[in-house]
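Make the full structure from the sequences, and use the hints.
Protein chains in written order, with this note's numbering: chain A, 1 to 245; chain B, 1 to 62; chain C, 1 to 249.
Please note that the accuracy of each hint is not assured.
Okay, derived cross-link-like pairs now, DSS-like style, lysine-lysine, Cα gap no bigger than 25 Å in a straight line [stated by the list, open to error]:
| # | chain 1 | residue 1 | chain 2 | residue 2 |
| --- | --- | --- | --- | --- |
| 1 | C | K237 | B | K31 |
| 2 | C | K21 | B | K31 |
| 3 | C | K237 | C | K13 |
| 4 | B | K31 | C | K248 |
| 5 | C | K248 | C | K21 |
| 6 | C | K8 | C | K237 |
| 7 | A | K240 | A | K28 |
| 8 | B | K31 | C | K13 |
| 9 | C | K21 | C | K8 |
Computed far set for chain A versus chain C, every beta-carbon distance over 12 Å [unchecked claim]:
| # | residue |
| --- | --- |
| 10 | L23 |
| 11 | L39 |
| 12 | Q43 |
| 13 | P65 |
| 14 | A102 |
| 15 | L122 |
| 16 | S126 |
| 17 | L127 |
| 18 | L130 |
| 19 | P212 |
Keep in mind the hints are simulated off the structure, nothing from the lab. Even for Gly, the Cβ is constructed at its ideal location relative to N, Cα and C.
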Amino acid sequence: MSDSLISTLDEGRSEPDHLRQDLWSVLKGMLAREFLIALRRRQELVNPLVFFVIVIVLFPLGVSPDPGFLKAASAGVVWVAALLATMLSLDRLFQGDYEDGALEQTVLCAQPLYLLVLTKNLVHWSLTGLPLIVLSPFLAVMMNLESEHIPVMILTLVIGTPVISLMGGIGAALTVSLRSGGVLISLLVLPLTIPVLIFGTGTIQASIDGLPIGGHLAIMGAMLALALTLSPFATSAALKMSVSN
Amino acid sequence: MGGHGLYVWLSYGAGVLVLLLSYFSPVMRRKSLIRELAQRHRRDPRSGSSNAPHSENGDISV
Amino acid sequence: MNWTFFHKLGSPKWFYDIAEKFLPWFLWFGIVLLVTGSVWGLAFAPPDYQQGESFRIIYLHVPTAILAQSCYMMMAVAAVVGLVWRMKITDMFIAAAAPIGAAFTFLALFTGAVWGKPTWGTWWVWDARLTAMLLLLFLYFGVMALRSALEDQDLAARASAILVLVGVVNIPIIKYSVEWWNTLHQPATFTLTEKPAMPPEMWLPLLVMVIGVYCFFSALLLMRVRNEILMRERRTKWVQALIAEEMKS
Numbered sequence: 001m002s003d004s005l006i007s008t009l010d011e012g013r014s015e016p017d018h019l020r021q022d023l024w025s026v027l028k029g030m031l032a033r034e035f036l037i038a039l040r041r042r043q044e045l046v047n048p049l050v051f052f053v054i055v056i057v058l059f060p061l062g063v064s065p066d067p068g069f070l071k072a073a074s075a076g077v078v079w080v081a082a083l084l085a086t087m088l089s090l091d092r093l094f095q096g097d098y099e100d101g102a103l104e105q106t107v108l109c110a111q112p113l114y115l116l117v118l119t120k121n122l123v124h125w126s127l128t129g130l131p132l133i134v135l136s137p138f139l140a141v142m143m144n145l146e147s148e149h150i151p152v153m154i155l156t157l158v159i160g161t162p163v164i165s166l167m168g169g170i171g172a173a174l175t176v177s178l179r180s181g182g183v184l185i186s187l188l189v190l191p192l193t194i195p196v197l198i199f200g201t202g203t204i205q206a207s208i209d210g211l212p213i214g215g216h217l218a219i220m221g222a223m224l225a226l227a228l229t230l231s232p233f234a235t236s237a238a239l240k241m242s243v244s245n
Numbered sequence: 001m002g003g004h005g006l007y008v009w010l011s012y013g014a015g016v017l018v019l020l021l022s023y024f025s026p027v028m029r030r031k032s033l034i035r036e037l038a039q040r041h042r043r044d045p046r047s048g049s050s051n052a053p054h055s056e057n058g059d060i061s062v
Numbered sequence: 001m002n003w004t005f006f007h008k009l010g011s012p013k014w015f016y017d018i019a020e021k022f023l024p025w026f027l028w029f030g031i032v033l034l035v036t037g038s039v040w041g042l043a044f045a046p047p048d049y050q051q052g053e054s055f056r057i058i059y060l061h062v063p064t065a066i067l068a069q070s071c072y073m074m075m076a077v078a079a080v081v082g083l084v085w086r087m088k089i090t091d092m093f094i095a096a097a098a099p100i101g102a103a104f105t106f107l108a109l110f111t112g113a114v115w116g117k118p119t120w121g122t123w124w125v126w127d128a129r130l131t132a133m134l135l136l137l138f139l140y141f142g143v144m145a146l147r148s149a150l151e152d153q154d155l156a157a158r159a160s161a162i163l164v165l166v167g168v169v170n171i172p173i174i175k176y177s178v179e180w181w182n183t184l185h186q187p188a189t190f191t192l193t194e195k196p197a198m199p200p201e202m203w204l205p206l207l208v209m210v211i212g213v214y215c216f217f218s219a220l221l222l223m224r225v226r227n228e229i230l231m232r233e234r235r236t237k238w239v240q241a242l243i244a245e246e247m248k249s
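Next comes the structure, spelled out in structure tokens:
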């Protein structure tokens, strides 16, 4: 496994005229590798999704099955559950690579770490956030959210879950050298994701209230843009630090 | 104090408590630190004493 | 520009000596101002027309809230300086400041809650400012948790610097989003551009308390940084001499 990674990353070290093409092949290679590894451990992919469902189910069971309450709480509960499920999956974002030395190779690669980190985040989101988004309509129905608002909910999750993954990446990178960074990651990252939570649920609420959602979505888009551009810097810096010890 | 006295005193009480605690915490830490460092030095006068400190893992709890 | 000061700042011993010199001043000024401000606010300032005596909590609540935020800003500056110029002292600042900041944030929240009960009828309300303060408390806890989890001091220093900076970027976002989300808290007492809405008899003791709290905070910070220096520089001759001196007395 390390061999294929090294040869993938080695492709980046060559003459400048081919640099752009090699960057692309390095990223493609990394994407392929990440997906391959993840799909070999299918159970690990499913766990956060099951957790997502279980958390949502806890609310009608633990609080109240009253349809009125569920409808009012649906947006928030789905969002909080998505947040928690993503936190659960962050542990394995960099841990596996750290343990077998692949992370060091990634950090030392000639290609910009920024892009490699973004690639990892992309894979993580497509394996965690995206399935959550696919599941969410079913759970929203269980939570009595009216079907006309479900597209809005999906839209907020589409914009919001990448932000959670990106911020989570920072937390995962800071704690990668620890044996059990799980709860610590959540402690570090959750406060930072609260703005996304507020606007995500706020958008759905606005839709329920019949108010325009354009402004809310714009702000969420801004958060996504900010997270996309800035978080890889923090994640890269944190990875470099964690690896050099 | 118009019935709100309890609240005022509760706040200021908490304030005094927090400020006292935050004052005494470093004071006591300093005492125990000096005592501990003196003990260590007695037990093992370091041959490597220099102006370049080393960072050791889990040497002294913070 | 005179860079000597900057270089001196990098020397723990130099800072220790400076801290020794300034500490008593900050401490005593702080205590005097705090006591003066409290007595003034509790006994001599007029009660509020609407809120009555509970208004006096402002003399504790507002200064601690202001400090809770300033402390984090200071940590952020230290984080930048530490990452760019690699000065050990900045990490000591962050390590020392985090618990103090957390304590003041907690105090601000507590006094705010106690003030809220008679004025708003409830201990807690999910209002913009309270929630943002609560999140600030979480950010402080995060820094403390990260530092204590990472054993290697070097890594802990750089990692907490990154975490502080990520948090600082988030603070305006948190403030804006939470403010948009809910507003019950009254607007700021002091703004940079307008005169305060209170008469001087009311805001003068407040000013005294704010300055007092800053002085006291500086004293606490210096005390903690001194301890950090002693611990990290324990192998140096000057520390060992100092300890020998202390043990004699």
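We went through each hint and held it up to the structure:
no., hint, verdict
1, C/K237 / B/K31, "19 Å, holds"
2, C/K21 / B/K31, "19 Å, holds"
3, C/K237 / C/K13, "11 Å, holds"
4, B/K31 / C/K248, "13 Å, holds"
5, C/K248 / C/K21, "21 Å, holds"
6, C/K8 / C/K237, "18 Å, holds"
7, A/K240 / A/K28, "22 Å, holds"
8, B/K31 / C/K13, "19 Å, holds"
9, C/K21 / C/K8, "16 Å, holds"
10, L23, "26 Å, holds"
11, L39, "31 Å, holds"
12, Q43, "27 Å, holds"
13, P65, "25 Å, holds"
14, A102, "20 Å, holds"
15, L122, "20 Å, holds"
16, S126, "24 Å, holds"
17, L127, "24 Å, holds"
18, L130, "25 Å, holds"
19, P212, "15 Å, holds"
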